[in-house]
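*Asks:* The lines below spell out each chain.
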Amino acid sequence: MFDLADIWAAIIAFAVLTYVIMDGFDLGIGILFPFLKTEHERDLAMNSVAPVWDGNETWLVMGGGGLLAVFPLAYAIVLPALYMPITLMLLALIFRGVAFEFRWRTKRWKPVWDVAFIGGSTTAAFCQGIALGALVQGIKVADRAYAGGWWDWLSPFSILTGFAVVIGYALLGATWLVMKTEGDINAQMRKYATPLAIGTLALIGVVSLLTPLQNPVYFERWFTWPQMGFSMIVPALLLCATYVLFKGLRSGKDVSPFLASLSIFILCFAGIGISFYPNIIPPSLSIQEAAAPDSSLEFALVGTVILLPLILGYTAYAYWVFRGKMDPDEGYH
Amino acid sequence: MFDSFSAEMLARMQFAFTISFHIIFPAFSIGLANFLAVLNALWLATGNDTYRVLFDYWKKIFAVAFAMGVVSGITMSYQFGTNWSVFSDKAGPVIGPLMAYEVLSAFFLEAGFLGIMLFGRERVGHKLHMFATAMVAFGTLMSATWILSVNSWMQTPAGFAMNDQGQFIPEDWWAIVFNPSFPYRLTHMVIAAFLTTSFVVGGVAGWHLLRDHTNAATRKMFSMALWMAAIVAPIQIFVGDMHGLNTLEHQPVKVMAMEGHFDSHPDGAPLILFGIPNEAEKRVDYAVQIPKLSSLILKHHLDAPLDGLDTIDDADEPPIAIVFFSFRIMVGIGFAMLGVGIWSLWARYQGRLYDAKWLHRVAVIMAPSGFVAVLAGWITTEVGRQPFTVYGLLRTSESLAPVAAPAVATSLIAFIITYFFVFGAGTFYLLRLMSYVPENNPFPGEPKEIAHV
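Line order of the protein sequences matches chains A and B. The first sequence begins at 1 in the numbering used here and counts up by one. The second sequence begins at 1 in the numbering used here and counts up by one.
For the record, the hints were derived by calculation from the structure and aren't laboratory data. Think of the CB as a built atom: it goes at the ideal place given N, C-alpha and C, for glycine as much as any other residue. Be aware that a few hints might be false.
[To be verified] So the derived label-pair ranges between C-beta atoms look like this:
#, chain 1, residue 1, chain 2, residue 2, range
1, B, S6, A, S286, 31 to 39 Å
2, B, L245, A, S155, 52 to 60 Å
3, B, A161, A, A10, 25 to 33 Å
Turn these sequences into a full structure, and let the hints guide you.
*Replies:* Written out as structure tokens, the structure reads:
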């Protein structure tokens with residue numbers, strides 16, 4: 001029942017999810033940057049992701065490049081549809097990406113690159129949320145091309161999802177720093193994590209309630225058998241993750257809040273998957289229609305099956321090398 | 001500001017602008033990553049601390065250049081969709097998997113081991129650090145391999161069929177990856193990256209030698225850079241010639257534009273050294289030419305006939321003047337590089353390599369020449385491919401996304417402002433890093449090594 005196109009949909013979904021949770025916490029650090037008062041705290045927060053941010057962002061290239069490879073039609077429709085938020089996101093990622101290096105190369109302009117880091121991270125997160133909202137709303141397709149207008153992506157709903165992603169990434173960033181730091185900054189981030197978690201969960205709730213209004217099909221996908229059996233597991237697990245998150249924050253745990261926050265993102269992503277399947281672009285482009293010919297899917301799959309486990313292996317190794325609490329006196333630069 | 005341009009022209013300008021900025025960084029980081037791997041290996045093998053000083057010196061410069069390459073590259077992977085979605089839909093089944101392989105086998109490798117290479121020596125030990133450094137260098141070469149396969153396929157498409165939707169359907173992946181121009185283009189570009197880097201390294205060394213010709217690290221890198229130039233520049237000219245012959249076989253119109261051959265020459269074509277192509281009158285004004293030499297170079301026979309642009313429909317011709325000039329800039333720089341290489345051999349033979357002030361001055365002037373040559377070469381081959389995206393099969397005008405001119409113009413302006421601001425600052429920081437003397441702990445205010453955990 002699963003063919004090549006479905007397998008590829010799963011791989012692309014995995015790449016996008018990996019991007020969201022990995023770049024999520026380092027974009028979150030950029031969003032929280034204004035609340036770090038001393039230069040030393042900012043240095044520490046940035047250093048906690050300096051060795052890994054580049055790898056995290058590579059998953060975004062994998063999402064885009066992979067989509068072009070195996071779902072070229074989806075790629076060709078979604079990018080013109082999201083022209084402005086995508087372009088803005090790319091520009092924002094340029095500012096925040098170079099800030100990692102430029103910040104250390106200058107005294108006088110350090111505040112300028114701090115602003116680039118904050119603005120770039122926040123804008124990129126917001127644009128990603130807008131893109132999500134615009135996809136959920138649905139994209140007009142006619143004749144193998146985007147058929148809507150230039151502002152179709154902009155709506156109260158997509159702005160809401162934009163805010164949801166910014167707050168959610170901030171939660172990931174805060175719990176990451178709880179895990180990676182000690183002392184004042186740890187306490188400060190722990191304090192922030194609670195309202196951020198409440199905000200994230202509230203926005204997840206509102207977005208979930210509004211989603212069926214975008215298209216009644218979503219409602220059917222959640223509440224008809226046999227999908228309902230699976231779809232009810234997601235909110236149940238979400239409750240568990242929420243419990244672990246708040247318990248961990250309250251009882252002074254350092255690692256469990258971050259893992260629980262990651263779980264919340266993974267579950268939301270699964271929820272979106274349940275809403276979309278079997279479409280790749282709602283409301284009308286299916287995974288099958290968008291798929292490249294089998295010869296493309298097969299050729300790309302052979303290498304992916306070999307390389308993806310290797311990538312996960314050495315990525316995990318890189319995280320392992322830089323594991324544990326940051327030494328406040330240690331500078332990578 | 002761009003009122004008079006069509007969406008197609010604006011999208012082409014945007015692609016040309018963003019890819020030109022982007023290629024500068026890989027051209028540098030491919031060479032530099034491999035230089036760093038060699039330096040680290042030499043330090044481990046010989047224990048000579050000069051290599052370690054140089055490794056730490058160029059490592060910082062690499063980190064800044066690499067970051068700029070990454071962020072300007074992400075833009076490229078999405079621009080195919082935003083501005084060229086019809087091309088993406090049609091060519092995606094062929095070029096998409098090749099780009100996916102670039103991400104999987106190169107980008108992840110570079111990114112995954114970069115952190116360890118830059119920050120991890122004290123945490124993982126010298127052996128694993130050497131491994132990470134080698135993986136980053138290997139990743140840059142893998143990246144070049146896949147993306148040049150993609151570009152070469154667009155120049156000399158092979159191994160595909162067409163379906164009803166006008167999509168290119170892959171049939172023979174071996175023929176696609178190893179399409180006719182790929183081996184030549186890949187070799188030419190990788191050598192170009194090595195040459196570019198060696199002239200940057202040589203220029204920085206020349207700058208410091210003019211101030212202090214006794215510094216061991218400066219002398220070492222000047223010597224290494226100019227060995228590279230002396231050995232690789234002639235190889236590059238030879239490879240470039242082979243690449244040109246391959247282009248003549250598969251894309252003769254491009255060669256006509258490069259040569260400025262508006263007219264056919266049934267009994268031996270002249271080599272036009274200089275001139276100004278006059279596209280309206282279809283001739284080269286003020287041409288300085290050597291009779292029959294073009295036929296000798298391209299056909300290895302003085303009297304061999306060569307067709308000119310008069311045999312080609314105007315609608316199938318690229319812009320002639322751009323291709324004509326950019327080709328001459330590239331070739332001119334190539335021969336200048338060869339000259340510097342030979343000069344350095346002479347100075348070395350006389351034992352004056354570190355005292356030859358004029359050689360050092362010329363090395364400083366030539367420091368950015370590789371970038372100019374790389375850009376000129378790419379302009380030659382890319383503009384020469386026009387008016388097609390997939391040569392002979394898919395026209396540029398039929399590749400465009402359903403975009404409106406104002407949207408493309410707005411994003412083009414945003415890219416121009418961002419790139420000049422961000423990469424202008426980046427270039428300033430790179431130059432400042434290069435202005436520090438290579439020695440232990442060269443950069444003010446920074447700890448030399450990371451403390452143990």
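*Asks:* None of the hints should be skipped; say for each whether it holds.
*Replies:* Right, here's what the structure says about each hint:
In this structure the hint that S6 (chain B) and S286 (chain A) lie 31 to 39 Å apart at CB holds, the actual value being about 34 Å. Our hint of 52 to 60 Å for L245 (chain B) and S155 (chain A) holds, since their Cβ atoms are close to 57 Å apart. Our hint of 25 to 33 Å for A161 (chain B) and A10 (chain A) holds, since their Cβ atoms are close to 28 Å apart.
This entry satisfies every hint, going by the numbered hints stated previously.
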